[in-house]
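Visitor: Please construct the entire structure, taking both the sequences and the accompanying hints into account.
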Amino acid sequence: MAIFSSSSTRLVVQGITGRDGSFHTRETMAYGTPVVAGVTPGKGGEIFIGPGDLTTPIYNSMDQAVSETDANTSLIFVPPAFAAGAIMEAAESGVDLVVAITEGVPVQDMVRAHAFARDRGVRVLGPNCPGLISPGKAKIGILPGHIVTEGPIGLVSRSGTLTYESVHQLTAMGLGQTTCVGIGGDPLIGTNFIDCLSAFESDQETEAIVMIGEIGGTDEQEAAEYISGDMSKPVVGFIAGQTAPPGRRMGHAGAIISGSSGTAAEKIKAFEDNGVGVANRPADIVGLVQEVLS
Amino acid sequence: MAIFSSSSTRLVVQGITGRDGSFHTRETMAYGTPVVAGVTPGKGGEIFIGPGDLTTPIYNSMDQAVSETDANTSLIFVPPAFAAGAIMEAAESGVDLVVAITEGVPVQDMVRAHAFARDRGVRVLGPNCPGLISPGKAKIGILPGHIVTEGPIGLVSRSGTLTYESVHQLTAMGLGQTTCVGIGGDPLIGTNFIDCLSAFESDQETEAIVMIGEIGGTDEQEAAEYISGDMSKPVVGFIAGQTAPPGRRMGHAGAIISGSSGTAAEKIKAFEDNGVGVANRPADIVGLVQEVLS
Amino acid sequence: MDLHEYQAKECFRTAGIPVPPGKIARTPEQAEAIAMEYGGNVVVKAQVHSGGRGKAGGVKLAVDPADARKHAQNILGLEIKGLTVEKVLVTPTEEIDTEAYLGVLIDRSSQAPIFIVSAAGGIDIEEVAETRPDEVRRFVVDPRHGLLPHQAFWLADFLYDDPELIKQTAKIIGQLYEAFTNTGASMAEINPLITTPEGKVKAIDAKMSIDENELFRRPDIASLRDTSAEPKAETLAREAGLSFVKLDGEVGCCVNGAGLAMATMDLVKYYGGEPANFLDIGGSSNPDKVASALQIIASDPNVKSILFNIFGGITRCDDVANGIIEALSRIEIRAPIVIRLTGTNEELALEILQNAGFSAYASMDDVVEEAVRLARA
Amino acid sequence: MDLHEYQAKECFRTAGIPVPPGKIARTPEQAEAIAMEYGGNVVVKAQVHSGGRGKAGGVKLAVDPADARKHAQNILGLEIKGLTVEKVLVTPTEEIDTEAYLGVLIDRSSQAPIFIVSAAGGIDIEEVAETRPDEVRRFVVDPRHGLLPHQAFWLADFLYDDPELIKQTAKIIGQLYEAFTNTGASMAEINPLITTPEGKVKAIDAKMSIDENELFRRPDIASLRDTSAEPKAETLAREAGLSFVKLDGEVGCCVNGAGLAMATMDLVKYYGGEPANFLDIGGSSNPDKVASALQIIASDPNVKSILFNIFGGITRCDDVANGIIEALSRIEIRAPIVIRLTGTNEELALEILQNAGFSAYASMDDVVEEAVRLARA
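Residue numbers (this note's numbering), protein chains in the order written: chain S, 3 to 296; chain V, 3 to 296; chain H, 54 to 430; chain F, 54 to 430.
Mixed in with the good hints there might be a few duds.
Claimed, not checked - To list a few chain F residues with every Cβ distance to chain V over 10 Å, as calculated:
1) 74
2) 152
3) 228
4) 253
Stated by the list, open to error - Restricting the straight-line Cα-Cα distance to at most 20 Å, the calculated cross-link-like pairs of lysine to any residue (SDA-like) are:
5) 271/S <-> 322/F
6) 322/H <-> 282/V
7) 271/S <-> 323/F
8) 220/F <-> 44/V
9) 45/S <-> 216/H
10) 134/H <-> 261/V
11) 322/F <-> 286/S
12) 134/H <-> 247/V
13) 260/F <-> 260/S
14) 45/S <-> 217/H
15) 224/H <-> 83/S
16) 285/H <-> 247/V
17) 322/H <-> 286/V
18) 134/F <-> 247/S
19) 45/V <-> 202/F
20) 285/F <-> 249/S
21) 322/F <-> 244/S
22) 260/F <-> 249/S
Unchecked claim - Incomplete in silico selection of chain F near chain S, CB under 10 Å:
23) 177
24) 234
25) 238
26) 264
27) 309
28) 317
29) 327
30) 363
31) 364
Since the hints were derived computationally from the structure, they do not count as laboratory data.
Cβ coordinates follow ideal geometry from the N, Cα and C atoms, glycine included.
Guide: Right under this line is the structure:
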């Protein structure tokens, strides 16, 4: 089992002919995830050449792509100016899940896109996220396939490279993963911690969850309450940004302490108050996981 | 019993200090319907003087009016330019039913107002409608109290004076009414024929229904199918506009035959095809009602 | 309120839609001069609020300025469905590869704007929709989100295969929606939307109807009303605040309320007559309004009898009766008048009328039957 | 991107919000001349991206032009929270009856714009919200419907009792929303919104932050960026396409990925050091970018050691290693450099680095511990 993805995932890539889009589509195909269609307006009818002898047809619109190929998941690499539009197009095309990798999408665009996707009941992951990977089953996004391995740990994170770091350590200690989800570093994201925690809670193969947060917003605080109130599986937490100054954006548009709210201290306290073990540094995550599993 | 109104109706009048608003508020109060509040921005704190020794407080906003008085129904008399805004304000204030009398509301305004009310699950009657009256129980709008009387007939109509004509004849023949509803003559109306028919079907005291349609749109056709498919109570129909030429607006903004669609012939045929008796002229309505009741 | 083609094209131009140039001529000489300016190959198009201009001879291709003059001569003054052509639009002839249909209007059942597009353009879209429904695509705009770029693209993609044409058309669809919402239109239509051999997409015909209820806040658009293009009686009625539609019968009808007015017309027909008009005087008992109504009805030479059908609900019948009497004292009416007044203060009203020497009826059927009898007498 | 008060006021003016006049002075003489123009009674306000200007002595009332000059003299060059005041806004003194707070920002949890209003204005709104929550009203705008007139009225009605003030304020609320959406802002705030003895409502202070992601399509707003109001290193970093925030420690950090960069800073602290900066070089192995990053870090005189922490996921570590080596060949760095590279092609990368004489680590903890040791040495 895995969350938000499975062996029946049928992927369509929006912006498949772009630099990033084509590179990561090949990686995804190489990992074995079926990429059934690509979309680039104006390039409909062309064929995308993947690794080995894999190919995938290109369509002008999501409308056509989904009706021709029964794609159920979209992966978005289109430039920031058009990314919100692409999310809305995907939401209207009939796919169940939209994973938006694009970084730098204007936040007011995302206000509209999230409202549109909510109205249609379509799950959005991101934007500005690395996507998700379910080892051995599906890779939807840019998380590298070679650092993950199958196993009982669910991982959810706001950060890309910090996910690599943690997964790498888990894998090195023989702790494989059901699914690793990067929910993204923007202030307005679709799928959030609680969505992922709840999915992991329902996933039969997941035995423990690693949750990696950072400064900004209150998602981690709400997640901490959710964990103590609604979850039976153990969760290990980590928060990045203890040394971040207030009022400054730390790379991610969402990683900013506003006034006195959204600090790492506040989030760590929320974890501790709700009985969630918190790692002081990334290297401590594995130890805590081993502890809760035993 | 009655539909959309009852002895627990608590009315707030938006535009209570205007010429039409104040006149009809007094009529409504005289009929015995509790008008618990009025709203006119800028006149909050004043008192509206009704007939006899009745008075009602005026508020600046629907927000205040509803929270102070627990009003559950709004009646709107504000000018066309502000009517859609008033409907949205009412929809957000917590009332269950909004009756918009105002004629001449721009149709694109109503696109927005109906969407807003739908999102909040608030019933709108009108605009450009005479409202409703449940003899002996509640009068919400401008239908005159003295032509109606209590009894087993439900009446629903797109027209005001044609409602008077029919109710007058029914009353003269001793056929009283549970509720008379004027759904309004605009192309975009809130509550439609089917809503009213379904409510009359569920209303224990209603034994037969008179439905008065006119040219324009397809509401009568859809209602005819609904009657034959979903109703047990008898319905008598009448359609105005058999002699109306295509492409011309017959007074009501909604009374217009577009191309070859929305004609009286089409609507009469829909009634007949679905086994609904159709009166050739208003004077025949009573006879048909007596027939179906016996 | 319907706009003329040239007015609708101006709205489209403002929104950025590619529309060929064009100028209005009121005389054959003007048409010739404009044709000269455009190099001779022009279309001369009657500007009149009516469909079927082409079939009626209101649209002609000219090969040179003299030809344009000749066509204008024939078209100006032409009568199309009862309306006289006062103006022609002279516009350069376009080379046409394909013709499509593109329209947006307010849809009653979805309570939202709906787009209708078809690659089968240049002909009646209702006919296409009926005979070849697969060639028509409809799309309801969610008014909460507006028309989104991908939706415009999907619609354009239904019309063409060429990516370049799709791109231009998606843009035009967005601009048409903008023109539609910015003017408070109830309908905006491009038929045909053409493609040229050079691969350009253009609107070569344009139709727009503006919601009458919008005009109070859009004086610029209200000023586009062309009263020369409608029956004079309708202009007068509108100025007097009356709802009026001229018809061809002989029984003049003066009624309060639109539904009752339609039912009265129908009853005229039921009793073997033909209504001369639809007229709703509203809830008013204002003598000025009643006088205007009478004057408008009486000015129709076909009218042989005039009937009043008034149901006093809120309005008091005696007020209306007084209004009628006063109006009649001001103007002279040739045709016989019969009056039915019922509702609030009915008895008082009947007395007033009978004292003034009028037949007064309590029933709608009776008054209509009598009016028809008088008209046929 | 934060706007200065005078820039935000210009955006407000464009939207129609009543804002008192005002001009910018860069010298005491200019301030005096402007004060003269306004009749002497003016406020001299430091234009600097920092709260607490008043407490820091950055806002002064002047009674005449000479007074304005004196205040400008004191304020220009003043340091407020590390930022030097380069400009002052000179604006006429307003008579104030009441002060309210009015702001709108993007709310993360509702994913929509949220208005915050309070009759307790002129002070820190966070404090009001904490100590007197009843005096603060929040309203989330449904982005599908936009801000509706009655919602603006309800908010205004929370602030005042006088219908005239409510009317003006409802209008200002609508205009503030317009300014907010038209500029792609993430925050727009009027604090205080005042009422005058004449019954006028005005914005006498203004704050706006524009979403950095909007700037690419709003060159007019992007041009408002005042690079003189930020540390030079941050300007250079932005121009090089790097995410960079200057801090006060001694361990320079060069990391790929924002989350890992924050975690690296935290680990510096964990091992007893202080990070000198946040720096995310992104996924790139481009030597130019690496060189810019190194130059920016090394130009900080506090920096005693520099650490690289790179996790090659998609990026190949050998590419990054080559990028670092090449960058270091171009510029001379005084501080010792320690490097951790792991992930794709890690072994190859470590070999390249060791061949070039660099310490190379596989673990994040090891490299941070060493960097702190070197900085403390």
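Visitor: Now, for every hint given, state plainly whether the structure supports it.
Guide: Verification of the hints:
1. No beta-carbon of chain V comes within 10 Å of the beta-carbon of residue 74/F; the shortest separation is about 30 Å.
2. Under the 10 Å C-beta cut-off, the non-interface status given to residue 152/F relative to chain V holds; the minimum distance is some 22 Å.
3. Against chain V, the non-interface label of residue 228/F holds: every CB pair exceeds 10 Å, the least being about 17 Å.
4. Chain V leaves residue 253/F outside its interface by the beta-carbon criterion, the shortest separation being 17 Å against a cut-off of 10 Å.
5. At roughly 19 Å between alpha-carbon atoms, residue 271/S and residue 322/F fall within 20 Å of each other, so this suggested pair holds.
6. Using a Cα cut-off of 20 Å, the hinted pair residue 322/H and residue 282/V holds, with the two alpha carbons roughly 11 Å apart.
7. Distance hint between residue 271/S and residue 323/F is fulfilled; the C-alpha atoms sit about 18 Å from each other, no more than 20 Å.
8. Restraint check for residue 220/F and residue 44/V: the C-alpha separation of about 8 Å stays at or below 20 Å, so the hint holds.
9. Between residue 45/S and residue 216/H the CA atoms are separated by roughly 8 Å; this keeps the pair inside 20 Å, and the hint holds.
10. For the hint pairing residue 134/H with residue 261/V, the CA-to-CA distance comes to about 15 Å; that is within 20 Å, so the pair holds.
11. Proposed proximity of residue 322/F and residue 286/S is supported: the alpha carbons are some 16 Å apart, at most 20 Å.
12. Our distance criterion of 20 Å between C-alpha atoms is met by residue 134/H and residue 247/V, whose separation comes to about 13 Å.
13. Taking the CA atoms of residue 260/F and residue 260/S, the gap is about 15 Å. The hint holds against a cut of 20 Å.
14. At most 20 Å may separate the alpha-carbon atoms for a hinted pair to count; residue 45/S and residue 217/H meet this at roughly 11 Å.
15. A hinted pair counts as satisfied when its Cα atoms are at most 20 Å apart, and residue 224/H with residue 83/S qualifies at roughly 16 Å.
16. A threshold of 20 Å between alpha carbons decides the hint, and for residue 285/H with residue 247/V the separation of about 18 Å falls inside it, so the pair holds.
17. Between the alpha carbons of residue 322/H and residue 286/V the distance comes to roughly 16 Å, so the proposed pair stays at or under 20 Å and holds.
18. The straight-line distance between the Cα atoms of residue 134/F and residue 247/S is roughly 13 Å, inside the 20 Å bound, and the hint therefore holds.
19. Under the criterion of a C-alpha separation no larger than 20 Å, the hint pairing residue 45/V with residue 202/F is consistent with the structure, at around 17 Å.
20. With a C-alpha separation of about 18 Å, the suggested pairing of residue 285/F with residue 249/S holds against the 20 Å cut-off.
21. Only pairs whose Cα atoms come within 20 Å are accepted, and residue 322/F paired with residue 244/S is accepted, the gap being roughly 9 Å.
22. Taking the CA atoms of residue 260/F and residue 249/S, the gap is about 14 Å. The hint holds against a cut of 20 Å.
23. Taken as an interface hint, residue 177/F checks out: its beta carbon lies about 8 Å from the nearest beta carbon of chain S, inside 10 Å.
24. Restraint check, residue 234/F versus chain S: the minimum CB separation of about 7 Å is within 10 Å; hint holds.
25. For residue 238/F, the interface hint holds, the least distance from its beta-carbon to any beta-carbon of chain S being 8 Å, beneath 10 Å.
26. The restraint placing residue 264/F at the interface with chain S holds, with a minimum CB-CB distance near 5 Å, inside the 10 Å limit.
27. With a cut of 10 Å, the hint placing residue 309/F at the interface with chain S holds, because the nearest CB-to-CB distance is about 6 Å.
28. Satisfaction of the interface hint for residue 317/F is found here, the shortest Cβ-Cβ separation to chain S being roughly 9 Å, below the 10 Å cut-off.
29. Look at residue 327/F: its Cβ gets to within about 8 Å of chain S, closer than 10 Å, so that hint holds up.
30. Taking 10 Å as the C-beta cut-off, the interface hint given for residue 363/F holds, the closest approach to chain S being about 9 Å.
31. About 5 Å separates the beta-carbon of residue 364/F from the nearest beta-carbon of chain S, less than 10 Å, and the hint is met.
Violated hints: none; the structure is consistent with every hint.
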